[in-house]
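> If you want the building blocks of each chain, they are given just below.
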Amino acid sequence: MSRFSSTINTTATRLSALYLVLFTSCAVVLVFYMTGSTARFLINETRNAVTEEIETLGDVYSRGGLRRLVREIDRRSRRPSANLYMVADHTGRILAGNVLALEPGILDSEGWTQAPFGYARYGDDVSVINDPQRAPRALAQVIVFSNGMRVLVGRDLGEPQRFREIVRRALITALTVMAVGGFLIWFFVGRRALQRIDRVSEASARIVAGDLSGRLPVTGANDEFDRLSESLNSMIAKISKLNDGLRDVSDSIAHDLKTPLSRLRNRAEAALAGDPKETDYRTVLEDMIVEADQLIKVFNALLLISRVEAGFSKQKLDEVDLAVIVSEVAELYEPLVEDAGMTLVNEVKGPLPIAGNRELIGQAITNLIDNALKYGATEDGRIVLAAERDKRAGMARLSVADQGAGIPESERERVLGRFVRLDESRTKPGSGLGLSLVSAIVGLHGGTLELREAEPGLKAVLSFPISRT
Amino acid sequence: MKVLIIEDDREAAAYLKKAMAEAGHMADVAHDGDEGYVMADGGGYDALVVDRMLPRRDGLSVISALRSKGDMTPALVLSALGEVDDRVTGLRAGGDDYLTKPYAFSELLARLEVLLRRQSGAEQDTSYQVGDLIMNRLAHEVRRGDEPIMLQPREYRLLEYLMRHSGQVVTRTMLLENVWDYHFDPQTNVIDVHISRLRSKIEKGFDKPLLHTIRGAGYMMRE
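Line by line, the protein sequences give chains A and B. Just so we're aligned: the first sequence equals residues 6 to 474 in the numbering used here. Just so we're aligned: the second sequence equals residues 1489 to 1711 in the numbering used here.
One thing to keep in mind: the hints can contain errors.
As the list claims (entries may be wrong) - Pairwise CB distance ranges, derived in the manner of DEER restraints:
id : chain 1 : residue 1 : chain 2 : residue 2 : range
1  : A       : Thr383    : B       : Gly1633   : 25 to 31 Å
2  : B       : Val1526   : A       : Leu251    : 30 to 36 Å
3  : A       : Ser472    : B       : Lys1490   : 18 to 24 Å
4  : B       : Ser1552   : A       : Glu384    : 36 to 42 Å
5  : A       : Ala297    : B       : Ala1511   : 17 to 23 Å
6  : A       : Thr453    : B       : Arg1545   : 42 to 48 Å
7  : B       : Gly1633   : A       : Leu277    : 49 to 55 Å
Keep in mind the hints are simulated off the structure, nothing from the lab. Built from N, CA and C at the ideal position, the CB exists for glycine as well.
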C-alpha cells in the first residue's frame, strides 16, 4: 500500500495525470465539433435535396395537374433507395407513395417538419413507429392543396445518424485507449522513476552508514537522473577526500603528540627512579615545562588553523597595507636572520592595500621566514622578501625566497598538509604545522599559496586579492 | 598587593593563591561570577584575576558591571579562547589585559604587576631613569652618564617599555605585544636577539649591567 501510495505521489504520476486530463478534454471538444458540423452539413444536404425534388414535382403538377403528379410520385416511389413520398386526402387516407405510416400530426401543418420524425415504409413492420429507438427518422416538407389533399416529400436521416453513431463509438474507443495508455505510461514512467530514486536512496543510505566508497548508480542514459547522480557522486568523492584528510590528521595528531607526551612521562619516571637530589629535580621539572609548552604551542597552532579554515572573523578583515606588514615583520626578524649568518632583504615597495588581518598575515610571514631560517639556511644565504602587483589578476603577490635545498616538486602539494614533515627535516625542531597555517591564512583572505623553485631554493608565493578602493 | 581571583576551577584557583602567596601577595578566591562580583564590589583589592567562563555570571559581565559603577580596579582576564577577536571583546568589556590558558604563572604575575604600576601613571612621565641611564621622552634622547646613545626607532620603543616598567619582570610576549603589537607565539627567540642588541648598545663600555635576564620569566631593568 505504501508502495502504491508512493507511486501515486511521484512527479511523473502527477504529470501524466495532468496530460491525460488535458488530452482528453481536447479530444472531446474536437470530436463534438466535428460530429456537430458534419451532421449540420448532412442535414442541409437533405433539405436541399428535398427542395429540389419539390421543385421538379411542382413542374409536373403545373404541366399535368394532380393526376400527373400522383402518377409521377407513384413512379418515383418505386425506385430503389428512393426518397420518401406520400399523397393523402383530406381525411389522411394514403393515396400513393412509399410511406406506410407516420408519427401522428406530421401532415397537419404545411412546410418543413419541426424535427426529425419516425416513419415506416411499405414492407416495414408498422409497429416500429411506436418504438422511438428503432424507428427510422426523416425530414420532410408537407404541401397542402386547396381540396385538402396533402403531399409529403422527405428524406431519410439514417445516413447522418449512422455517421454520428460511428463517430460516437470512435470517440469512446479513442478515450478508452487513451485512458488505458495514459495509465500504462504513468505506471511505467512513475514506477521506473521511483525505482531509480529507490536505488539512489539505497545507495545514499549505504553511504550514510559509513561506506564512503559507495557511489550512486549512473545508468549511462545521460538523463537528468544521471546528471544528478554524477554531481552527487563528485560531492561524495570530495567528502570522502576530506574525510581521509581528517583521518590522516587525527592519526598524525595521535602520533605526533604521543611522542612528546611519552618523553615527558619518561623524564618524570627517570627522575623518580634516580637519586633524589633537589637540583636534579629542578632540572627535570624545568625540562618538562619546556616540553609541555611545546605541546601547548602545537595545540594552539592546530586550533588556530582550524579556526582560520572555518573562516574565522572573515567579516573582520580590515584595510591593511601588505607592504607595511612585511616591513614590520622584516624589522622584527632582521637581527635574528643576521645572527644566523644570513641576510634578510626586503624588496617590497608599497603601498599594497588589501583586505586582511594584520596579525594573521604577520604570522604567515614569520612562519615562512622561520622556515627559511630552519630549512633554507646556507652560508651567507639571503632571504628575499619581494612583492609585485599583478594588475590583470587583481592580486598582490608576496614572495619569501631562500637559497636552500628547496622542496622537490612532487612534495610541494603534500607539505601544505598538517603534520607533514619531509624526512630531511625530521631531525630539526618543528611541528609540521607552519605551512598548513600559512595556507589556511592565505585561503581565508581569498588568496593562494604556491611553492616554487627559486633556483636554488624555495620561493613561497602568497597571492592576496588587491582592495578595489 | 591584594588580589581577588575569580576562577571556578578550584584546583587552578588554589594553585594561583598559593603561588601568589609565595610571590608575597595576598589573594582571595571566588568560585563563581556572582560571588566574585559581590567580593570585588566590597572593594579593597588592588587587582582582579577573572576567568572568562564562570558559572552564574560570565567573567566579562562581572568586569563591565564593576566598570559601570566606576570601579576601575585593574582586571586581568583569563580565557581558554585566545584569538584576536576574543582578546578584543575581552578588552572592550573593561579588562585591562588578556591571558590565554594555559599560561605560565611568571607571565601572569609579571602582567599583574605591570597593571598595578599602570595605576601610578608612569606612562605620563616625560623622562625615565634607571641608574645612570636616562631617557628624555620629549627630546627623544637617551644617554648614559654623559654619553648619548643612538637607537633605532624600534630599539627606542623597546627600551622605553623596559624603562617604564623598571624593577618589574617583563616577559617576551609582553614585549611582542606592546612593542610590536603582535599577539602570537613566535616560534623562535626573536625577542632575545633584539634584547641582546639593545643590551650591547646601552651596556657596552659600562661596568654596571642594567638589563637583566630573569630566568624562566623574561627581562628586567634595574640598577
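> Please go over all the hints and tell whether each is borne out by the structure.
Hints, verified against the model:
| no. | hint | verdict |
| --- | --- | --- |
| 1 | Thr383(A) x Gly1633(B): 25 to 31 Å | violated (43 Å) |
| 2 | Val1526(B) x Leu251(A): 30 to 36 Å | violated (46 Å) |
| 3 | Ser472(A) x Lys1490(B): 18 to 24 Å | violated (50 Å) |
| 4 | Ser1552(B) x Glu384(A): 36 to 42 Å | violated (56 Å) |
| 5 | Ala297(A) x Ala1511(B): 17 to 23 Å | holds (21 Å) |
| 6 | Thr453(A) x Arg1545(B): 42 to 48 Å | holds (45 Å) |
| 7 | Gly1633(B) x Leu277(A): 49 to 55 Å | holds (53 Å) |
Checked against the numbered hints given earlier, the structure breaks hints 1, 2, 3, 4 and satisfies all the rest.
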